[in-house]
Structures are given as C-alpha cells and as structure tokens.
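*Asks:* Residues per chain are reported as follows:
Protein chains: 2
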Amino acid sequence: MSNLKSKNKSQQSQLVQVVSHSIVAFGELWEASLRDLLYQAMEQATERALETQQIDSESEIEAVYVANMAAGSFSDQRHLSALASQFFEHQPPAFRLEAACASGGAALLAATDSLYAERYKTVLVVGVEKMTDVSPSVATQVLATAADMQNENGSTFPGLYALFAQAHMEKYGTTREQLSAVAVKNHLYAVDNPYAQYRKKITFEQVDKSALVADPLRLLDCSPITDGAAAVVLQRVSNSVQRRNTMQSSKKAVFITGQGHAQDTLDVASRRNVTQLQATVKAGEQAYSQAGVSPQDIEVAEVHDCFTIAEILAAEDLGFYEKGAAGPAVEAAAKQLLKGEMEMKLNAPIINFSGGLKACGHPVGATGVKQIAYIAELLESGKFKTGLTHNVGGSGATAIVHILQTDFENN
Amino acid sequence: MSNLKSKNKSQQSQLVQVVSHSIVAFGELWEASLRDLLYQAMEQATERALETQQIDSESEIEAVYVANMAAGSFSDQRHLSALASQFFEHQPPAFRLEAACASGGAALLAATDSLYAERYKTVLVVGVEKMTDVSPSVATQVLATAADMQNENGSTFPGLYALFAQAHMEKYGTTREQLSAVAVKNHLYAVDNPYAQYRKKITFEQVDKSALVADPLRLLDCSPITDGAAAVVLQRVSNSVQRRNTMQSSKKAVFITGQGHAQDTLDVASRRNVTQLQATVKAGEQAYSQAGVSPQDIEVAEVHDCFTIAEILAAEDLGFYEKGAAGPAVEAAAKQLLKGEMEMKLNAPIINFSGGLKACGHPVGATGVKQIAYIAELLESGKFKTGLTHNVGGSGATAIVHILQTDFENN
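Chains as they are written, first to last, in this note's numbering: chain W, 1160 to 1570; chain G, 1160 to 1570.
The hints are simulated quantities; they were obtained by calculation from the structure and are not laboratory data. Where hints are given, some of them may not hold.
Note that identical chains are pooled: a pair holds if it fits in a single copy or bridges any two copies.
Mimicking SDA-like on lysine to any residue, the simulated pairs with C-alpha atoms at most 25 Å apart in a straight line are [said to hold, decoys possible]:
no., residue 1, residue 2
1, Lys1410, Asp1566
2, Lys1482, Ser1294
3, Lys1441, Phe1247
4, Lys1441, Glu1221
5, Lys1360, Glu1336
6, Lys1498, Arg1207
7, Lys1280, Gln1173
8, Lys1482, Leu1322
9, Lys1280, Ser1397
10, Lys1482, Ala1191
11, Lys1368, Leu1209
12, Lys1368, Thr1334
13, Lys1280, Ser1172
14, Lys1280, Val1396
15, Lys1280, Glu1444
16, Lys1410, Asp1456
17, Lys1494, Gly1313
18, Lys1494, Pro1375
19, Lys1441, Tyr1279
20, Lys1441, Ser1218
21, Lys1410, Ser1369
22, Lys1411, Asp1566
23, Lys1441, Ser1216
Given the sequences, and given the hints that come with them, work out the whole structure.
*Replies:* Listed below in structure tokens is the structure:
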C-alpha cells in the first residue's frame, strides 16, 4: 500500500517501532501527585515491554523524553528530566520538551531523532500533567502562557478558539449543532474507553444549554482540566528485523512511518487566515509525504479537539474533508451513533475514538503521547492498519502530526 | 592527536560544525524583553552565518532549538519554540528544551541528534532567560523548582551547594581562601570580556566580607541573577567537506567532537557522595571517549560555576585535577593573576576565561549555549585547539559536557 520513497537514507534502512505503551487513566486524580503519575506511566510501559520481551532488561531503555507543559506552575517542579531518570536504577540521560499542548508531539520528534541518529536504540517517551492542584482560574492563566503574552495578553484559549468558530461559521455556514455534534460523538466514544475522564453520554441539548464561555463556545465545547500521564517505548529496528517480529507475535507490530512538524505565528492577529490552521496543513502534508500515504488511507485519527471547533478545523486541514464539509459530516455521524448505529466510514477516518481531548481529557503535556499510545493499541489489534495523530500547541502556532502503520509494505 | 574510534557509524562519516555564534551582552537588561533578547541572539548568529557565507539564505536554517528554564514564571510566557520560529519568515519547526540550568546543553544534544538523524542539515540553537522582571526572592523560589520540591522543599540552591562546600572542606581541607580564589579569578577574567555582567576586579577580602548567604557561601561566592541570550548555528558536514572549509577560511573551523550527558538523583539526600558530582564524572568520561581525548588535552574549559565550590568540584570531577587539588591550584592561579602574571598552565586548562557564571553572569537557560559560543570563538582564533563546556542542572542531577575541536585529525 505505502512506500517510503520520500524518506531520508537513515529512515529508509531503519524504522521506529512503538514496542510498548501505557495510559494512566485520566481524570481529577487527587490521590496522585505529579511524580506518581509520571512513574505510573513509566512503570506500566516498561513492564509491558519486558512482558512482551521487546526488551530483556530495564537498562535497555537508554534515554527518557518527558513531555510536560507547566509543572513549574502547576506543581512547583521543573527539571522533570532528572525526576524521570531516577525512576530507573541505571539513571539514563533524560530530556524535557515543552511546546504548550503539543509537548507530547515535540518529545516524540526529539526521541525519534535520537534513534535515527543512532545515539540510542530504545528510548521511553512519557507525557505528564497534574493540573488539578491549582484552581481552574489559575490553570486558565497558566495555559494562557502558551499564547502570545505580549500581543494577546488578556486572551484566553476559549476566547481565541471562539474567534476561529465565529469565522468558520460565517465563512462555511458551520452551525451550533455541528459544534455540539463533536462533543456528543466524542462523549459517546469515551463511554467504552477505560482511560477516559468522562465516560458518559451527553445530548445536543446539554451542550447547547451549558454555560456560555466565549461566544459561541459553551462549557461542553471545551476540553476539561485533567490529570494524567501516558508513555510509549520506541525502538529502532532494521527493516528485515521488523518483518520477523511481525510474523512471530500475535499482536501486530506498529511503526512510526510519517512525521510532520510546522509552526505558525504565536499570535492569531498576525495570520492571514483564521478558518484554517496553516501549521496543521503543513504538518499533515509532511507526514503523508514521508509515509507515502494520503488522507484517504487513514482509518483512525486522534486529532487535537481542545474545543469542538478545533476538531472540525483538524478534520478539514488534515484533508479528511473539504473545507466546510466536516461540520455536516460530524453531525451525521453523531446522530447515527446516538441511534446506536456505528459511524459510517464516509471515506474518512474514525476521529477521536478515545473520546478525544474533549471526553478522554486533556492533561496538556500527556495528550500528544496518549494519542500515540492509543493509536498504537488500536493498530496492534489488527483491526486497523493506518492511524494518525495530530497534536496542536496554543492556537495553532505548533502542529505535529504522526502516522502509524502496521503491516505496510516496504518498497 | 585525537581519534574517533568510539563514535558511531553516523558520527564517523559526519561532523557537526559550529558555523556561527552570538552572545547578547549579559546583565540587568531592563530595556530588553524576553523576546528582544531571544531575537537579538538569533539575529546576530544568523547575520554572522550569512556574512561568513556558511549559509546563503536564512531559509537554510531548517529548525530552531530554544533553551529556557522558566520563562513561564519569569515572563509569563511558554511556547517559546513558536515565538522563536516566527523570527524567521519561513517559520521553521522549533523546539524548547528545559533541564533547569542545563537547558542549554540539553538543547544542543537534541539539535545535534536532528543533524545526525539527517532530519536537518543546519539548525540554530538559542538559549535565553530574562530573570530581572521578578524580585530576587521570587527568582530564588523559581530557581528552587529545579531541586526536588517534594523531598527538598524549603531548600534553596545556595543552601544545597553550601552542603557540598562544607563536605568538601571537611574531606579535602578546602579553605575559605580557595573558594574566594574562584570568584577573584573569574572576575579578573571577566574584565576583558565584553559580554560579561561584572567587568570589575574583586579582592579576596571583598569575597570574605560579603554577606553570608548559606554558610560557608557568601554573596560573592554566588553567580548573579542575569538577563541574557546566546545562539549558535550548527551544520552537519561530511569529513571531506570540513577539511576544505578549514583550508579556505581565515578562521579555524570548529567542530563538536564529543558529547556526554548523565543524570543523578534530583535530591541530594539520595546520593552516596556529596564531594563529587557523579553526573559530571560520567558525562565527562562519555565526552572524552567520544572525542578520543583526555582531560590533559583540554586547553580551555567553561565549567558550571554557579557557586565557587561548583568550579572546584567541576575541575576535579572532569579530571583536570585530583580530588582535593583544585582548591590549591585555583588559589595559586588567582594570586598570580592578581600580580598581573598570566595563569600558568599547570597541566590543566584555563578555566572560565569568560568569567564563568560567577562574573559573566548566569541567565540560566542561556548559559549552556553561551559556553559553546564562547569556546567556539576562542577556538576560531587558532589560539587553542581543544575546548570543553560543562553545564549542570540543579545540584548535579543533570550534567552535560561538550568537547569542541579545531584541526583535529580524522583517522
């Protein structure tokens, strides 16, 4: 199906495999500290890698990459790299990356670079955020530091995404019901996800009648404040080795076959277009090109629905729908799901089957890693072959896209 | 002189060259914002790379790595990756790394990985910190988040390094005069450094009579709170190409030939030895091994003297002196310098010729990048051939060592 033509020399001969993953159940985890969450995710991913014999000893994990946005403010703790390293007796070198809510995607990129560079063979990437130890208003202020605090000071993220929603509604006729449909659909999906913060159905009416936060966005249009952590173990393998692994295991081997990383201006006012996130478009194109797939090949996607409008933007900007077509599609999908019918494929992937940021929860530094862990779990089952993750920082100043595949053909 | 035997395949065939560098003068820069400092360092390094024809266009800078510890608290601004990216019209992908005061070293490691991975050919690494917009007591609290805030809560860094000083004095007979000598020497060096925050001599008596901060450390044993930024442009070159460059330019080409990165427990209480930073020892050994050099080959070193005792520890833990011998050596060196005599070589490198963190200043996220920029400038002149940088996070939980060389022989 796919080819690796556009990969560089190193990536042609070597692949990065997701050999283990973990997600610590997301929620308001008052009984768990930042460190507890960090270590739980690391422990689960490490134990699973040992159990499945992907590694023979903990010490094979040669480096740790921590994704975290704001533990310095949420938990009065920086230097999480050192904190993560000491979880292992062999104290491997460790890094912490921050790119606001795209910290997870950034950590994955840096980690895969270390593998392609042949600095390491096996590394662990862990994302963590402990957000509920401060009040919601403090959390909102801390999150606002991901925006341009010189030129957008006073803006909050609901306010910035409300601007996107207004512009999108005006230009494409996107409706209140279509926004609500994103929340309804994602809450329905979350019911069956044991990791999700909100495992309960909500109705169109509940979204429509929830408190207005920033017109047109209401409380149930917004992803929640969440504690959580997730981890993946990544291993560099040669093409020949991976074919053997795939044959031997009952689970499918999952590989990162495409990556994209693009930026836009930190402030929204400097952009020419507010009905499309240009960074998402660029990052998507890079990832598709590297993996040698098209949007139509994607079967499952975890996209960055920090607000309902953000999922509609992502579904269009990643090429799953024409501009203006994602709203009607999600409305149709949500109504089918409410009737107990499975979402039809409609030539587009199943989006945010985990419940997304909206219902699974959004512990900001953990989200990008959880997306990879979740898609890897879906692909391992053999039910899907090609998945995508889409992680956004701020109001679209950073977008990072990963494509994961199993059983793909190498040239 | 050196060999590259211990390098991996990718590093044998390719080298990372420091093709440009900049340091924004360190100090209490009240007229400059975080963004001003970030952009000044980026602009100077980019312009210099263009002027020296190391790049033909800004757009050749394919990615940006930002080192910053705590702009989220010092300047209410996170997501500095996006802020840095938009400095360039082509908005390259960008990362931010944090490893407390070793953020600069961490960013350099991630950046070089992206080059060895062949993801990019030319990248810019910029370190920045704007610390004087908060009060000194707030700054001290923010810096304390680099320690273990669960197990060392209430400790400050002067307090933790005071413990190291007391233990070192007791075990090795290190004296008050020897601590003072570090400050006296580094202030003397800083007089001639246009980038330095404190370009003035101080006396042994002044150090000894300065306010007691944490016994035995006094005010003039401590590095200051500083605003500043520094940048380097790194380029991946093949061995054959670099030989040509070296021949053509009037300045020597400078390469990163060794890197080391090691961790220790975040809290000091969990360590077995407090008279030696184990992470420094390990990181040094890794870097020497990769570069194929020994401590005796190092001619100039910028080491992490956040406190006077830290320089003494570093000089010993990096193998320049036996344990207990660095104190007497720095006292002799400082006294020679005070008499107007140049420091004798004594089979050890010139340490902290920039003035170090102590007198050049310590804008925490910028320090690790400034060390590389400064050593690269010294080596370019042709006066020295082999230099080392040593960047520490927290009380030694992270140590990152780089070896830079010019005119070294490749097998």
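*Asks:* Next step is simple, just say for each hint if it's right about the structure.
*Replies:* Hint check results:
1. When the C-alpha separation of Lys1410 and Asp1566 is checked against a cutoff of 25 Å, the pair qualifies only within one copy, where the shortest distance is 11 Å, while the shortest distance between copies is 52 Å.
2. For the homomeric pair Lys1482 and Ser1294, neither the shortest alpha-carbon distance inside one copy (38 Å) nor that between copies (49 Å) is at most 25 Å.
3. Within a single copy, Lys1441 and Phe1247 get their C-alpha atoms only as close as 38 Å, which misses the 25 Å cut-off; across copies the closest is 16 Å, which meets it.
4. Proximity of Lys1441 to Glu1221 under the C-alpha cut-off of 25 Å is restricted to the inter-copy arrangement: shortest distance 14 Å between copies versus 32 Å within a copy.
5. With identical chains, the CA atoms of Lys1360 and Glu1336 are at most 25 Å apart within one copy only, with a shortest distance of 16 Å there and 71 Å across copies.
6. In the homo-oligomer, the alpha carbons of Lys1498 and Arg1207 never lie at most 25 Å apart, since the shortest distance is 37 Å inside one protomer and 64 Å across protomers.
7. Both within a single protomer and between protomers do Lys1280 and Gln1173 lie at most 25 Å apart by alpha-carbon distance, with minima of 11 Å and 19 Å respectively.
8. Within a single copy, Lys1482 and Leu1322 get their C-alpha atoms as close as 17 Å, which meets the 25 Å cut-off; across copies the closest is 62 Å, which misses it.
9. In this assembly of identical chains, Lys1280 and Ser1397 lie within 25 Å of each other by CA distance both inside one copy and across copies; the values are 11 Å within and 23 Å between.
10. Taking CA atoms no more than 25 Å apart as the test, Lys1482 paired with Ala1191 passes in neither setting, with 42 Å inside one copy and 42 Å between copies.
11. With identical chains, the CA atoms of Lys1368 and Leu1209 are never at most 25 Å apart, being 49 Å at best within one copy and 58 Å at best between copies.
12. Taking identical chains as interchangeable, the C-alpha atoms of Lys1368 and Thr1334 lie at most 25 Å apart only when both belong to the same chain, with a minimum of 15 Å there against 72 Å between chains.
13. Both within a single protomer and between protomers do Lys1280 and Ser1172 lie at most 25 Å apart by alpha-carbon distance, with minima of 14 Å and 19 Å respectively.
14. In this assembly of identical chains, Lys1280 and Val1396 lie within 25 Å of each other by CA distance both inside one copy and across copies; the values are 8 Å within and 24 Å between.
15. Taking identical chains as interchangeable, the C-alpha atoms of Lys1280 and Glu1444 lie at most 25 Å apart only when they sit on different chains, with a minimum of 20 Å there against 28 Å within one chain.
16. Only within a single protomer do Lys1410 and Asp1456 lie at most 25 Å apart by alpha-carbon distance; the minimum there is 21 Å, versus 52 Å between protomers.
17. In this assembly of identical chains, the alpha carbons of Lys1494 and Gly1313 never lie at most 25 Å apart, being 37 Å within a copy and 55 Å across copies at closest.
18. In the homo-oligomer, the alpha carbons of Lys1494 and Pro1375 lie at most 25 Å apart inside one protomer (21 Å), although the nearest pairing across protomers, at 71 Å, exceeds that limit.
19. Proximity of Lys1441 and Tyr1279 under a CA criterion of 25 Å is satisfied inter-copy only: 17 Å between copies versus 29 Å inside one chain copy.
20. Taking the closest pair of Cα atoms, Lys1441 and Ser1218 come within 25 Å of each other only across two copies (16 Å); inside a single copy the shortest separation is 38 Å, beyond that limit.
21. In this assembly of identical chains, the alpha carbons of Lys1410 and Ser1369 never lie at most 25 Å apart, being 43 Å within a copy and 66 Å across copies at closest.
22. In this homomeric assembly, Lys1411 and Asp1566 come within 25 Å of each other (Cα to Cα) only inside a single copy, at 7 Å, whereas the closest approach across copies is 50 Å.
23. For the homomeric pair Lys1441 and Ser1216, the shortest alpha-carbon distance between copies (21 Å) is at most 25 Å, but the shortest distance inside one copy (39 Å) is not.
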